[in-house]
Amino acid sequence: MSLLSVRDVHSGYGDMQILHGVDLDVNAEEVVTIIGPNGAGKSTLMKTIFGLLRLTRGQIEFEGREISGLSADRIVRLGLAYVPQVDNVFPSLTVRENLELGAFVDRHAPRRRVDRVYELFPALRPRQTKRVGTMSGGERQMVAMGRALMLDPKLLMLDEPSAALAPNLAATIFDRISAVNQGGTAVLIVEQNAKESLRRSHRGYVLAAGRKCFEDEGPAILANEDIGRLYLGGA
Amino acid sequence: METLARIPQLLVYGVVSGSILSLGGIGVSLTYSVLGFSNFAHGDIMALGAYLALALLPAASALGISGRPLGALSFGADFVGALLLAVVATCAVVLTLDRILFRRLRNAGRITLMIASVGVALGLRSLIQFCWGPQPQYYSAKIQRAQVIPGLGVKIKPDQIFIVATAIGLTLLLHLFLRHTRIGKAMRATADNAALARVTGINAERVIVWTWILGASLAAVAGILIGIENKFIMPELGWQLLLPIFAAVILGGLGNAYGAMVGGVVIGVCEEVSTAFLSTAYKPAVAFVILILMLLVRPTGILGRRG
Amino acid sequence: MEQLVGVLNYIVFFGISAGIYAVLALGLNLHWGMTGLFNIGVAGFYAVGAYASALVCGLPPSAWDARIVGGFDLPFVVGLLAAVVASGVLALLLGIPTLRLRADYLGIATIGIAETVRLMLKNEAWLTNGVWGLQQIPSPLYEAIHRLTSGYLRAHPDLRPWQQALVSRAYNGFYLLLVIVIVVILYRVLRRLSRSPWGRALRAIREDEVAAAMTGKNVFAFKLQALVVGAMVMGIAGALYAHSARFISPASFEPLYGTFLVWVMLMVGGSGNHKGAILGAVVVWGIWAATDFLTGYLPFTATQVAALRVLAIALLLETAILWRPKGILPESRGKRPSHS
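Protein chains in written order, with the numbering used here: chain A, 2 to 236; chain B, 38 to 344; chain C, 173 to 512.
This is chain A alone, in the form it adopts within the complex (with noise of 0.2 Å):
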């Protein structure tokens, strides 16, 4: 049984819709991207699976159990985790403020939870008591996934973490994404410049106009021409 199962999910905004019947898994420990060109519906099929967009048709299950319909902080308590592409921090609160809401649906999470997030991302030790919104691209994100990992997800969605991120810095984010992985938490991510993603993933989808159009595993995409020309500029 797959951890996350998404099956022929209708979803958009308002009137607009924009996914037209997806299908996905992933797997307990596994790294899944999704890659696709720009208004594929990769962001609009996150925030579907996190109930913030309604789902018109299919079905989510989690661990097998149905989790469309329920409130974020349920799905949060049930070991799902989300850092969305943009605005993803609270920049008027510090970084240890940003870490410790991660753990806000646990009142009793040991607060060494913090530790491990600054294990993870020496960076942000020294720089704890500083407001989000004074610091760089990188270091925020590194604060947005370090928010996400507070509660030990059993699955981590990342909406393009390495946007915006100069290479070397890109590249320290999928080293942290591998190392997550290796800790048994399984992580799906949405790419559009993917190469670096798909290379690091067990497996991969390609979602256009709202439809899953293929699936392989990570590698396996990497060397498909057809799709290395459509959608990763050139093989």
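None of these hints come from the bench; they were simulated from the model. All values reported here derive from a predicted model rather than from experimental measurement. Heads up, the beta-carbon is just placed ideally off N, CA and C, and yes, glycines get one too. Do not rely on the hints blindly, as some may be mistaken.
What the hints assert, rightly or not - Estimated spans, in silico, between C-beta atoms of each pair:
id, chain 1, residue 1, chain 2, residue 2, range
1, C, Leu466, B, Gly170, 10 to 20 Å
2, A, Asp153, B, Gln174, 56 to 66 Å
3, A, Glu120, B, Ala114, 48 to 58 Å
4, B, His217, A, Asn169, 48 to 58 Å
5, B, Arg140, C, Arg341, 50 to 60 Å
Stated by the list, open to error - If you only want the chain A side, here are some residues facing chain B, beta carbon under 7 Å, derived:
id, residue
6, Ala73
7, Val77
8, Tyr83
9, Asp88
10, Phe91
11, Ser93
12, Leu102
13, Phe105
14, Val106
15, Asp176
Fit chains B and C to the known structure of chain A by using the hints.
Just chains B and C, lined up with the frame of chain A:
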């Protein structure tokens, strides 16, 4: 020369009335940043608190709280009891309003909420007029002797010291609440980025309830402090407060609670000091002029950030 | 028969008030309904229009024992013009600092202007005669019509009392006609404006200011124009009120009468729809007037009933917002630029 000599005394009055405006402004700022709209009923919520305190004074006495004046103050412990009861009652009214009105309009947009709040202002005011009549209601008929502050040559009444101390105390408490409690942090997070707060699992409705409780409590206390300072209250009080309070909030940067605090004192001081040069009748217009100047020069407020 | 004349007289009186409110509602419809300008200081523009016209058309102050600057005894049309100019200039001055900012700022600034105007009316006695107000404001063509009717009454001494009453009150009928003509003219002008490219631009700004700006529209200029023109319409309402009541004082322009009622009218009638604005004015003024009859039947004092009437108006506003947000006559769909 005589005009200038009055200024230190006017500064004192300004700080007193400004500290009351600050309490009101902080409430407006909180509702603005968490619920996303300017609550034009806030002045009338303050007035409601002031009236409820008067109405609940017999209840406080009935609880056996002594009415003997506290030290040099013009009121006794029973009045403090009535104040607390009024705070609770004001919160109950405001939460009921949220339940039956504002909650249904959560997705209706900022401006619809503003219009609804104008209607609430009108409704609360007419309710006050229905229950207590249009004539002034007196808090205390006693004239209190002002004390000279040694060395400064300015006078201040014990009640006024109580007002400033209460305002400072409540502001500090609010600060600690927002910094250190779980719900305080959730409120700040929601104000900062409501969408991310939701993703983090923060229950928006609970945050909203707490925001109303804090805003209404501060409003009720501020209204009661006005009653203490002016000795009487009238149904128009709420509407008249709206302009100086919003001027304070905008001066401090809309949505910035600390800014509203500073803005309140600035407006209070400017209003009082203006009476040295202008007819007292124009005191309410001073807030408006400052507001317009501020909008022309620096619309984000003194402590405001962009956006 | 006398009763019938009484009823007719009441209807005429009601019609004049409702018509003046219809003008205010049309002005607010241009502000809020078409452009999305959050003006909660309608009373300010209304008052300025009333005072401007009254000062220009009024009798010299010596005639009614007051010491003010003003009272030039000029024709009604000049007064109307003065009202339009005064309210328009006030709107211009208010719009420049506020219209580049969010709606909240305009809202609070309009409250500020209305309150400041009221304070000035109260305290600048050299111009406004303070709380005593301006008195003996002439009504247009009153002398001429009065001469006609009294001549007719003299010529027909055998008229029944009800006929006499009817003739002697003919002036009110004329004034109602004048108000209706002005409402119709304003309705036609505003309808024309709202169908023009200018009106479409205003609605585009209302729906999405950023998108409107991206299509190259000067959003600030359009908003300023709408604010000024709407305020001018409110100024006309002020002039009509002054010349019908013949006495104005700061108390006539309390926020309840000058602003809140107008908002409720527009929200109930249908904001964005000119016909809705007029209908809302008639319906809400009708409800307001009808609640007046309740006074005798409720076990409360007169001031308590007055408060209950206001409460009823507030509840009407909330009811409209909750259950009929588009009003009785919603803006027609074709006029709405679609969201995307």
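For each hint, the structure was consulted:
no.: 1; hint: C:Leu466 - B:Gly170: 10 to 20 Å; result: holds, 19 Å
no.: 2; hint: A:Asp153 - B:Gln174: 56 to 66 Å; result: holds, 59 Å
no.: 3; hint: A:Glu120 - B:Ala114: 48 to 58 Å; result: holds, 55 Å
no.: 4; hint: B:His217 - A:Asn169: 48 to 58 Å; result: violated, 38 Å
no.: 5; hint: B:Arg140 - C:Arg341: 50 to 60 Å; result: holds, 52 Å
no.: 6; hint: Ala73; result: holds, 5 Å
no.: 7; hint: Val77; result: holds, 4 Å
no.: 8; hint: Tyr83; result: holds, 5 Å
no.: 9; hint: Asp88; result: holds, 6 Å
no.: 10; hint: Phe91; result: holds, 4 Å
no.: 11; hint: Ser93; result: holds, 5 Å
no.: 12; hint: Leu102; result: holds, 5 Å
no.: 13; hint: Phe105; result: holds, 6 Å
no.: 14; hint: Val106; result: holds, 4 Å
no.: 15; hint: Asp176; result: violated, 24 Å
Checked against the numbered hints given earlier, the structure breaks hints 4 and 15 and satisfies all the rest.
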